[in-house]
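Start from the sequences and build out the full structure, keeping to the hints where you can.
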Amino acid sequence: MIPHIRTVLKGQKTITVCSVLVLVFAIITVLAPWISPHDPIKVNVAMKLKPPSAEHLLGTDHLGRDNLSRLLHGARISLGFAFLIFVSSIGIGLIVGTIAGYKGGWIDTVLMRFCEGVMAFPNLVLVLGIVGVFGPGLIQVVLALMLVQWVYYARMFRSMVVSLKERNFIIAARISGSSQWKIIKQHMIPNILPPILVMGTLEMGWAIMDISALSFLGLGIQPPTPEWGAMIHEGKSFIRSHPELMLYPGLMILFVVITFNVLGEALSERFGVKRRF
Amino acid sequence: MVSYIGKRILAIIPIVLFAILITFVLIHISPVDPAEAYLSAAHIHPTEELLAEKRHEFGLDQPLIVQYFQTVMKICRLDFGRSYLTNEPVWGEVTARMPATIQLAVSSILFAMIVSIPLGFLSAVYKNSLIDNFSRLLSFFGASIPQFWLGYLLIFFFSVKLDWLPVEGRGSWEHLVLPTMTLSLALIAIYTRLLRASVLEQLQESYVLYARTRGIKEKVIMVKHVLKIAISPVITGLGMNFGKLLTGTIIVEQVFSWPGFGRYFVEAIFNRDIPVIQCYVLLAACLFIVCNLIVDLVQLYMDPRISLKGRTDQ
Chain A
1 MIPHIRTVLK GQKTITVCSV LVLVFAIITV LAPWISPHDP IKVNVAMKLK
51 PPSAEHLLGT DHLGRDNLSR LLHGARISLG FAFLIFVSSI GIGLIVGTIA
101 GYKGGWIDTV LMRFCEGVMA FPNLVLVLGI VGVFGPGLIQ VVLALMLVQW
151 VYYARMFRSM VVSLKERNFI IAARISGSSQ WKIIKQHMIP NILPPILVMG
201 TLEMGWAIMD ISALSFLGLG IQPPTPEWGA MIHEGKSFIR SHPELMLYPG
251 LMILFVVITF NVLGEALSER FGVKRRF
Chain B
1 MVSYIGKRIL AIIPIVLFAI LITFVLIHIS PVDPAEAYLS AAHIHPTEEL
51 LAEKRHEFGL DQPLIVQYFQ TVMKICRLDF GRSYLTNEPV WGEVTARMPA
101 TIQLAVSSIL FAMIVSIPLG FLSAVYKNSL IDNFSRLLSF FGASIPQFWL
151 GYLLIFFFSV KLDWLPVEGR GSWEHLVLPT MTLSLALIAI YTRLLRASVL
201 EQLQESYVLY ARTRGIKEKV IMVKHVLKIA ISPVITGLGM NFGKLLTGTI
251 IVEQVFSWPG FGRYFVEAIF NRDIPVIQCY VLLAACLFIV CNLIVDLVQL
301 YMDPRISLKG RTDQ
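Listed in order, the protein sequences are those of chains A and B. Under the UniProt record's numbering, read the first sequence as residues 1 to 277, first letter to last. Under the UniProt record's numbering, read the second sequence as residues 1 to 314, first letter to last.
Hints in this document: simulated from the structure, not taken from any laboratory. Where hints are given, some of them may not hold.
Stated by the list, open to error - Covered stretches of chain B, as calculated for chain A (at least 3 residues, CB under 8 Å):
| id | region |
| --- | --- |
| 1 | 17-24 |
| 2 | 240-254 |
| 3 | 264-271 |
| 4 | 285-296 |
To be verified - Residues from chain B that keep clear of chain A, each with C-beta distances beyond 12 Å, as calculated:
| id | residue |
| --- | --- |
| 5 | P89 |
| 6 | Y126 |
| 7 | M222 |
Computed from a prediction, not measured in an experiment: that's the story for all the values here. Positions of the beta carbon are idealized from the N, C-alpha and C atoms, including for glycine.
Given below as structure tokens:
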């Protein structure tokens, strides 16, 4: 595994740097409660809107909460849920797409017509519709994003499987009596891993943006939970006196999303994968 | 060609019916009871008889399949029901707010085109130059910056610090500047990259070489031949990114208190005003479908070979 990673990274400065950054984000996500200097939701009105000091490295917000701790905990929510959405939507898409492409026939037709139906909606609009019908909340937002995103992956994996199905090594495996599941597991899935890597990286960026946009609208994460989009929403009231309150979380989103986008682009060049848009 | 156009137009009917089905299913599995919502909006205490009466009035006691067809028929007559909140017909409220959103969307597309066509074209012609690097940087920022944050940054610089432009609302052209800039950056990012890639692809074609050997001026080749063909993916991109534009208007209208359809939609979500939500989601789907159809037809007009081999990008 490790020598394999080394060959992938060899001579790829962009991929290496971005991967290290992603690793750092992952560590922050996991360790946020332990590395944060303060409790992110503890209100201390006496300390409100303080400038940066030794105790509060990035100052405090309008309720006296430590900005740095809130940003670190925000990473936990944004990245954690983006990861959940990415894993589940690619997972569902992979299963449905492989079944549709491999089986063909009416199963394929039904599944793909369904996907086309969902794709008839601009995706964030459908997400908002689902959240609107079931009410605002983090669970609803995450479920809605999953429900809407997987169809794109199902379509992509289906077309890959259809073209793989006719390749000689698959035909050979079939002739030599491998079971359908074995062919799917051993021959098809390894061949579609690079696109999964590329799509997954880009998906992380989109998911972080979508989650923060929904929280900004007030539909996702509810206060006082620290989340970057929700923090910008809270900070906007202080745009005249304390612009840094909305500046920090925005910079975090920008930085993380740019890292994922640059990594996705570099990976797609490295593996020769076509991008979605 | 006529039969191709006819087929494409007929093909949208089942998609629209399916889109209606999805919103229909969503509403039927939602925990909100329309009869109860109407009564409580009208400040009437919901008794059992009143609820049953209202349910009968809405046709909620009919079999689901009948209800679905009634919904389709109503939507064909542009009857989206009444808002739970104001008890006004939804369609009237929507048409009143539509012009503001259309104004914002159109001005953003125009601005994005004005910036990205020259930028994308020049960064392909002068590949790896200063302008190419600038457009690459701009594209990465445009694709990664959260729109709502960009909106507040612009408000901070242009309204709070410099005091040049108004913070929010709609009225004069000055109100339009910041929302348009916010909304168009994401589009500029996409179109610039699309056009650059497409121009670079065209430059490899043999007709460019032939035109050069014939001694046609470089400027003429670029503008009259290359750009004319290379612009086609940008037009496709316009249709495909319509969804991004629409969700963009929702967020931008929220940031700048722009009195449009998107803002109305977000208010409806907070109030669980299901008829308005249904209307928005459905209209968005229909617009998205029609937009893609128009894009296909424009492409057909530009390259009639498409009708023979089907859509190229599929």
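Hints breached by this structure: none
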